Amino acid sequence: MENQSDPNPETIRDFFDCIHKDYMDGSVGKVGYKFLADMLDGIQKTRSVNLTTIARGLSESIRLHATHKRLSRNLDDEEILSAFSSAVLSRGASHVKSDTRLIVTMHELNKKYASKIEYLSGSKEEHQFSGFKVCEILASDYQSDVYYPIFTRVWSDQVPDYEDDAKEVLKTIKIVLKHTNNKGICYLDDLSLSPEVTTQIILESDFDFISLANNVNSKIEYESHQYSASDLAEKLDTRFGKMMYKLIPRIQSNPPSESNLYSVDMDLFVHAGAFKVNLKETGRKLQLITLKTKNRFVGELSIPVLTTVNNLKSRKNLMGLVESLMSKNDVVLTHRHYKNEFDLSGFRVLKFSRLNLLVTLVQTVMFYEMLVGINSLKEISLFSTTPHEGNLQRTYYRPEGTDKT
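Residues 909 to 1313 (this note's numbering) are what the sequence shown spells out, left to right.
For the record, the hints were derived by calculation from the structure and aren't laboratory data. On a predicted model such as this, the values are computed, not experimentally measured, just so you know.
In silico lysine-lysine, DSS-like type, Cα no more than 30 Å apart, as pairs:
1. Lys1259 x Lys1079
2. Lys1188 x Lys1127
3. Lys1041 x Lys1075
4. Lys1247 x Lys1005
5. Lys1193 x Lys1005
6. Lys1019 x Lys1247
7. Lys1193 x Lys1150
8. Lys1041 x Lys1259
9. Lys938 x Lys1259
10. Lys977 x Lys953
11. Lys1184 x Lys1079
12. Lys1259 x Lys1082
13. Lys1005 x Lys1041
14. Lys1041 x Lys1086
15. Lys1143 x Lys1127
16. Lys1154 x Lys1221
17. Lys1154 x Lys1143
18. Lys1202 x Lys1184
19. Lys1041 x Lys1091
20. Lys1143 x Lys1193
21. Lys1005 x Lys1224
22. Lys977 x Lys1024
23. Lys1193 x Lys1091
If you anchor each label on the Cβ, the simulated ranges turn out as follows:
24. Asn1018 x Arg1192: 32 to 38 Å
25. Asn1090 x Asp933: 23 to 29 Å
26. His1245 x Ser1052: 16 to 22 Å
27. Glu1112 x Asn1299: 44 to 50 Å
28. Arg1302 x Leu1099: 22 to 28 Å
29. Arg1192 x Gly934: 39 to 45 Å
30. Glu918 x Glu1249: 17 to 23 Å
By construction, the Cβ of each residue, glycine as well, lies at the ideal position given by its N, Cα and C atoms.
Please work from the sequences and hints to get the whole structure.
Right, dumping it as structure tokens:
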């Protein structure tokens, strides 16, 4: 990814100062500037979105109540939210190149016992979702040890003009692509996007994307015949292949037992082929990648992938794209774990705009910490072209003494 002139600002206040100078053009005034700098500093120090905790973390030489009141008052300023969110996205977009992965992921922000928050969705019945949906876009170059959360957007089924979740995700994607000048390839996260949402995004997309398609509810056309993506992937042959190793983390009981003590490293023969297809509903030309994995214990699995990416005739291009897709979950799972440090569900605000600003502030703290190396992607990938090291159960033979602990 391309770096700015300030690749390593010493503090988060320095980072915000650069964003303010480059992208905000004094749009929030001195009061807004101090508020944003203090909030970023306080959130980073306390790992909290609770205003009292943040105020305490700032350790100002005035009464805690006065600091809390100042933060609360400015958190209500929607002009600050608009200017700041756009500026952070512009800063993030500066890292995006034509082949940068823009990983599109969703999660729920649950407030089970809340009832007075503006636009809160859900019913009062037990076991019903009560809260907000959040779409995040994470910018990541393949084989990089960092990623950047560049945009976060919150909604519920109660916000004005809401139609469905897919439309909200599409709005999020288009906001980001406007800032990147349509650079980047959207990687749709199968771990968090439902089949219905994924299908609608694919059908309504006018941007570059790649997505698993085993649950996509749309027919595709190949050689004048119609198929589901899964059926066609089973039918088609593959051209290129390589050995890969999948790390399967073992969930351990308490206390642990011999049967679940170790994670498993599974050897997989991964082979793929790419074929030109059309979406039946829209006629859009795509590539169907038939991705097959084979292991002597689980047999062969066939996974369809749909993408707008072309030039997949060579081994380098096709297998490179396959490996990029397979490593996407390293980013998603790292981000999920990292985000939990901030306990976003602990917010105590009643206005929707306040929640949006809090979420954007947390996103910015994570962006900064990735930029300066406070955090990074885990060294161990779920998929690897070489055996994973360590004390693991293996589905293949490895001579004793070759494991590194």
